[in-house]
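Engineer: Here is what each chain is made of, one letter per residue.
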Amino acid sequence: MAIFVDENSRVIVQGATGKMGRAFMAKLARYYPNMVGGVAPGRAGQRIADRPIFDSVADAVAATNANASVIVVPAAAASDAVCEALEAGIGIMSVYTDLIPVHETARFLRLAETCGATIVGPNAAGIVSPGRGSISELNDAILRPGRIGIASKSGSLTYEASTWLEDLGFGQSTICCLGGDPLIGLRFAGVMEAFDRDEETDGVVLLGEVGGTDEFDAAEVITAMHKPVVAYVAGHSAPPGKPMGHAGALLSRRDDGAAAKTAALKRAGASTVDVLEHLPAAMREAFCHIHASAS
Amino acid sequence: MLLLEYDGKRLLQQYGVPVPSGALVADGRLPKDISLPAVVKAQIPAGKRGKSGGIRCAATRGEAEEVARRLLGSTLRGHVVRSVLVEERLRVERELYTSIVMDRTACAPVLIAGALGGVDVEDAGEESLLRIPLRPGIGLRRYHAHAAARHLGLEEHLLAWFAAVLEGMWRAFEEEEALLVEINPLIVTTEQRLVAADVKIDVDARGKGARLVDDETRAQTPFERAAAGFGAVGVEMAGEIAVVAGGAGVLMATADSLTARGGHVAGLLDLGGFPRAAETEVALFRTTELLRPKVVFFNFFTQVLRCDHYADAIVGAFSAPGAPHVVARLKGNRADEGRAMLARAGFVALESYDDACDAAMRAMAAAR
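Note that the protein sequences, when read in sequence, are chains L and C.
For the first sequence, numbering that gives the first Met the number 0 begins at 0 and goes up steadily by one.
For the second sequence, numbering that gives the first Met the number 0 begins at 0 and goes up steadily by one.
Don't take each hint at face value.
The following label-pair restraints were derived from C-beta to C-beta distances [unchecked claim]:
no., chain 1, residue 1, chain 2, residue 2, range
1, C, 357, L, 288, 25 to 33 Å
2, L, 74, C, 303, 39 to 47 Å
3, L, 262, C, 213, 38 to 46 Å
Here are the simulated BS3-like pairs of lysine-lysine, each with C-alpha atoms no more than 25 Å apart in a straight line [what the hints assert, rightly or not]:
no., chain 1, residue 1, chain 2, residue 2
4, C, 47, L, 18
5, C, 50, L, 241
6, C, 50, C, 207
7, L, 226, L, 265
8, C, 207, L, 265
9, C, 47, C, 293
10, L, 241, C, 31
11, L, 241, C, 293
Stretch-level coverage of chain L by chain C, calculated; a stretch enters the list once three of its residues show a Cβ under 8 Å from a Cβ in chain C [claimed, not checked]:
no., segment
12, 11 to 20
13, 28 to 42
14, 56 to 68
15, 91 to 101
16, 218 to 225
Treat the hints as calculated values from the structure; they're not laboratory data.
Here the structure is a predicted model, which means the values were calculated and not measured.
Beta carbons are placed, not taken as given, at the ideal position from N, Cα and C, and that holds for glycine.
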């Protein structure tokens, strides 16, 4: 089953002819036959990574039945790209683009809500169900199919966690990297609900960060979950008022620090760690009843 | 990015919000026509100025001059005071709180109103604050203003003024793409005027309002500016270990791990997408120059970028005598080659994250 993307996803890349777009096309084409094409205005008829390029998302949908998209256009074109995908009926899109003005993000997130579409990001590494479908920049070479879900704000921490999972004999059902912007579409709570329902996920690793309230909302979901959850929230040492690389990782209020979030996740029943290097031991213990070889 | 109070007030005034009469003073010379008694307020892009002595009252002109001279050039909450605002002192009947903030949970603007304005609204408690989500396509309407006025217990004759203040805040919020427009306190004077006694405006660095912030008022250190200059992200902290990594999440995690071991992090440099050794070398060189760390800790788990390229840059930047100690954790693409190169050059290079954090602490102890 996996969540959000799988073998039934038919993925296009918006902004396919730019430098980053070409890299996405090549990478996704290598691992995923269900990456069905790219979009770049005025470039219809070209092929990149042996996939067709279309003038518009509507054309791509008409020709390929695309239902998922990765958006890698420059920030100034991002709102248009999202609206075009929404109007063409794309159900889930991952916005890789960074530096989109927050007010623009707010506008297209609300539009997506009225369209019933899911937006991942902006500034997100995206979602991948290894071996099945991807709207993500994560490197598939070090991922492997399995039964542990990862919900994360950070691509770099996801690599650490997935490698340690592999050392323990676990693969991943779906990895959701939600992005580091202050406003994002899909959030931890929605991901945890989906993992809880997913029959192919036996346990979840949550990698949060300082700033905002998403981890608190996730804790409420975790309270009712029956699957083991291991959590780490980055930014215990973050000084107040400084964005820590991610614009959204900003300790701004008294109660959105890493320690408060960790405590809330722990109260909800998650197994929490205060430093990254304790993650492997916590995962080993929390997931010990999950049959690793079944992954 | 916070606007200085003076800039925020000037902006809100353009949108019809009444502000106290006052003047900006940068050189210690007060204009002729200041109204007394006066308030002298240090202009820094940070809150809690009252608590740190940045807001003083003055009964006479001489007193105001004396206070201004003392504040100018001093350092408050990490910022040098380059200017002070000398304002009329309002006769206060009531102090209210109003703000419009881009709410991360609602992904939409929210109007917040509280009857207890003043120094620290966080102490007022959430339950005393009215929160009205401002929905797209609807925005802020007259009935929202009325609802807020009722919550604040405002009298009838203030209603139209109050609605105009909120409308001005809303227009500024929308047109400048602000993240926060706050008036705290919004004062009801004994003459029954509404005046924005203090204004805090946070603009999006990527939005239209970014033009309102000059380099000096950006809360950025020379290191952070330099990092932005070469396309990376720098975060300056106060310590002895500089952490260089690729990705915000792993940088924060590395700082956490070193801090938990008793280390003090001098700053973080996110080299995320740096492809070429030459650029990396320059970035590392500048980082060392500006942060003056005793230890530089590299943490790279690379996918596409090559660890041996990073190793090359590290050897180039840190081989001169007097360079800080270097500890590197290299894993991923061509990591074996990278570690071998560093080891040959006499640097500590490891694959395990945990071991590398320990090694950084040992290097720190040796550097002391």
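Engineer: For every hint, state whether the structure bears it out.
Structural biologist: Going down the list of hints, with the structure as the test:
1. Taking 25 to 33 Å as the suggested C-beta distance range, the pair residue 357(C) and residue 288(L) conforms, at roughly 31 Å.
2. Taking 39 to 47 Å as the suggested C-beta distance range, the pair residue 74(L) and residue 303(C) does not conform, at roughly 22 Å.
3. Remark: the range hint 38 to 46 Å for residue 262(L) to residue 213(C) is upheld by a beta-carbon distance near 40 Å.
4. The hinted pair formed by residue 47(C) and residue 18(L) fails the criterion: a straight-line CA distance of about 46 Å is larger than 25 Å.
5. A C-alpha spacing of about 21 Å is found between residue 50(C) and residue 241(L), which places the hinted pair at or below 25 Å, so the restraint holds.
6. About 32 Å separates the Cα atoms of residue 50(C) and residue 207(C), which puts this hinted pair outside 25 Å; it is violated.
7. Between residue 226(L) and residue 265(L) the alpha-carbon distance is near 14 Å, which keeps this suggested pair within the 25 Å criterion.
8. Between residue 207(C) and residue 265(L) the CA atoms are separated by roughly 41 Å; this puts the pair beyond 25 Å, and the hint is violated.
9. Pair hint residue 47(C) plus residue 293(C) does not hold up; C-alpha atoms about 33 Å apart against a cutoff of 25 Å.
10. Only pairs whose Cα atoms come within 25 Å are accepted, and residue 241(L) paired with residue 31(C) is rejected, the gap being roughly 40 Å.
11. Between the alpha carbons of residue 241(L) and residue 293(C) the distance comes to roughly 23 Å, so the proposed pair stays at or under 25 Å and holds.
12. Residue count for the segment 11 to 20 of chain L with a Cβ under 8 Å from a Cβ of chain C: 0. That is fewer than the three needed, and the coverage hint is violated.
13. With 0 residues carrying a beta carbon less than 8 Å from a beta carbon of chain C, the segment 28 to 42 of chain L misses the three-residue requirement, and the given coverage is violated.
14. Evaluation of the coverage hint for the segment 56 to 68 of chain L: breached, as 0 residues show C-beta separations to chain C shorter than 8 Å, against a requirement of three.
15. Coverage of the segment 91 to 101 of chain L by chain C holds in this model, with 4 residues showing a Cβ closer than 8 Å to a Cβ of that chain against a need of three.
16. Counting residues of the segment 218 to 225 of chain L whose beta-carbon sits less than 8 Å from any beta-carbon of chain C gives 0, not enough to reach three: the coverage restraint is violated.
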